[in-house]
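S.K.: Protein chains in written order, with the working numbering: chain A, 1 to 223; chain B, 1 to 302.
Where hints are given, some of them may not hold.
Far from chain A, some chain B residues (derived; all Cβ distances over 10 Å) [said to hold, decoys possible]:
| id | residue |
| --- | --- |
| 1 | Q7 |
| 2 | P23 |
| 3 | R81 |
| 4 | I92 |
| 5 | D112 |
| 6 | Q206 |
| 7 | V207 |
| 8 | T214 |
| 9 | K249 |
| 10 | P301 |
The list that follows gives simulated cross-link-like pairs (lysine-lysine, DSS-like), each with its CA atoms no further than 27 Å apart [as the list claims (entries may be wrong)]:
| id | chain 1 | residue 1 | chain 2 | residue 2 |
| --- | --- | --- | --- | --- |
| 11 | A | K70 | B | K163 |
| 12 | A | K132 | B | K202 |
| 13 | A | K89 | A | K116 |
These are calculated hints, taken from the structure and not from any lab test.
Even for Gly, the Cβ is constructed at its ideal location relative to N, Cα and C.
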Amino acid sequence: MISFNQVNKRYPGGFEALKNVTFELAKGEMAFLTGHSGAGKSTLLKLIAAIERPNSGSVLVNNQNVSALKSAALPYLRRNIGMIFQDHKLLFDRSVFDNVQLPLEICGFDHRETGKRVRAALDKVGLLGREKANPIALSGGEQQRLCIARAIVNRPSILLADEPTGNLDAEYAQEIMKIFDSFHQVGATLLISTHDAGVLKNARTINLRQGEIQTAPGKEGMP
Amino acid sequence: MMSAFSQHLRVIKSTLRRMFSAPLSGILNIVVIGIALSLPAGLYALLQNAQGVLSQASSSSEISLFLTMDAGSEDIASLRRQLAQNPAIGRITFIPRADALKNLVQSNGLSDVIAGLENNPLPDAFVVSPRTTHARELDALRSELQKLPHVDIAQLDTAWVYKLEAILEFARILVLILAVLLSLALIAITFNTIRLQIMTQKDEIQVAKLIGATNSFVRRPFLYFGAVQGILGGITAWIIIALGMHLLKKPIATLSHLYGSDFILHPLSLGDSLTLMLFSLYLGLMGAWLSVARHLSEIEPR
Numbered sequence: 001m002i003s004f005n006q007v008n009k010r011y012p013g014g015f016e017a018l019k020n021v022t023f024e025l026a027k028g029e030m031a032f033l034t035g036h037s038g039a040g041k042s043t044l045l046k047l048i049a050a051i052e053r054p055n056s057g058s059v060l061v062n063n064q065n066v067s068a069l070k071s072a073a074l075p076y077l078r079r080n081i082g083m084i085f086q087d088h089k090l091l092f093d094r095s096v097f098d099n100v101q102l103p104l105e106i107c108g109f110d111h112r113e114t115g116k117r118v119r120a121a122l123d124k125v126g127l128l129g130r131e132k133a134n135p136i137a138l139s140g141g142e143q144q145r146l147c148i149a150r151a152i153v154n155r156p157s158i159l160l161a162d163e164p165t166g167n168l169d170a171e172y173a174q175e176i177m178k179i180f181d182s183f184h185q186v187g188a189t190l191l192i193s194t195h196d197a198g199v200l201k202n203a204r205t206i207n208l209r210q211g212e213i214q215t216a217p218g219k220e221g222m223p
Numbered sequence: 001m002m003s004a005f006s007q008h009l010r011v012i013k014s015t016l017r018r019m020f021s022a023p024l025s026g027i028l029n030i031v032v033i034g035i036a037l038s039l040p041a042g043l044y045a046l047l048q049n050a051q052g053v054l055s056q057a058s059s060s061s062e063i064s065l066f067l068t069m070d071a072g073s074e075d076i077a078s079l080r081r082q083l084a085q086n087p088a089i090g091r092i093t094f095i096p097r098a099d100a101l102k103n104l105v106q107s108n109g110l111s112d113v114i115a116g117l118e119n120n121p122l123p124d125a126f127v128v129s130p131r132t133t134h135a136r137e138l139d140a141l142r143s144e145l146q147k148l149p150h151v152d153i154a155q156l157d158t159a160w161v162y163k164l165e166a167i168l169e170f171a172r173i174l175v176l177i178l179a180v181l182l183s184l185a186l187i188a189i190t191f192n193t194i195r196l197q198i199m200t201q202k203d204e205i206q207v208a209k210l211i212g213a214t215n216s217f218v219r220r221p222f223l224y225f226g227a228v229q230g231i232l233g234g235i236t237a238w239i240i241i242a243l244g245m246h247l248l249k250k251p252i253a254t255l256s257h258l259y260g261s262d263f264i265l266h267p268l269s270l271g272d273s274l275t276l277m278l279f280s281l282y283l284g285l286m287g288a289w290l291s292v293a294r295h296l297s298e299i300e301p302r
């Protein structure tokens, strides 16, 4: 589903965010991306959604070379990827409902269909009662869950989460991990970056240190 | 999938909502566009009216033939026959010198002066209506009639028609220059409005692009905004012109009555009104398009 082959990413100014990164994530697999802040976790996720492009190597998503995609093709790649951001990237000029509706609007879904889907997504993250609220009135944990609802409403086959539990206390973090688990159950491919070892369960982990993968991929952390 | 039509309808609705979410600045923009457009369009409407007056006036032009004092009644009769045979001439009216004097006394209030005269100084005259309205043919006819026996002076007052035509030509070019300049201003206004909007909606654009919005999806609301603002500006211009015309109607009717004309001011025709609105819609769309093309590519998610 996702495959990195000798990927290097250097930012302007010479900072090498990723060095020779090679790994593969199978369809339906769930993996954690660990490492200190600055280890290259966010960069790796951005390469998958083609928000950044690698300097060398290839990034394949669904057997498509993302690094070679034309910019006109990017929207269609991103529609298949649900992204959960550490800073949520919610829009505070509209209601909770409208925030979740945005991806459907972008894909051109029918109005009646969107209502059902938005409520289903909000129900899944436990925000069904707050659909008319403004996201600014939500707590940090609720905002994160709203961000998840927006990422899944489109039923993408891939979910990427960048430090989804970063600013949350352990109880909220457990709740969010449970939500991710339920997507894993229904066959989504998940890649979740975290520096918080406490949330890791028996899932696969990919450990980054200063832009390099630490141990052989595919073996670490497995029971 | 949502039908394209209802999707567009929704974008228009949200565009209007956004435009009037800050009603003052939205309305001010529309008023500015309306005023800018109403100047050239209003002048154009007045020009159309003047054009009407001009063609009406030149179609009613007459040639006056003042006869020599020695022309007798037989000469007059033969002249009348000659005029009647001329295919270029329509109506012929004979004004005997006595009638002419009477008219002069009545209309000019010069009765005292005229009463003091020994003889009637006025000649007999024919007034003929040429069939042509073309200025050059009128001139040719006048020279032809001038050569007839016993015709002292053949007088055609076309000079004022030429002058008026020259003035109208001048006004036409003035309107054209105004229209071009103010159209550019309108494009600039829309360009800037859209630029500000793009800046304030930077977050929304970035998020939309992150979750798979195509460029045309992101572009669409801004283009609609430009177009809607344009057409509302066009409607405002139309209202300004209609109001102005309404206010001018009475004074102009009075004025033309004083000149013995039954001229009334015509409002913008349906075709011209539609053209005005479509043109301003187009200008708004163009300003938005330029702005979007310039600024939207600068906003890429990071």
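S.K.: Would you mind marking each hint as holding or not holding in the structure?
M.R.: Hint check:
no. : hint            : verdict
1   : Q7              : violated (6 Å)
2   : P23             : holds (17 Å)
3   : R81             : holds (85 Å)
4   : I92             : holds (78 Å)
5   : D112            : holds (86 Å)
6   : Q206            : violated (8 Å)
7   : V207            : violated (5 Å)
8   : T214            : violated (4 Å)
9   : K249            : holds (48 Å)
10  : P301            : violated (6 Å)
11  : A:K70 x B:K163  : violated (65 Å)
12  : A:K132 x B:K202 : holds (24 Å)
13  : A:K89 x A:K116  : holds (23 Å)
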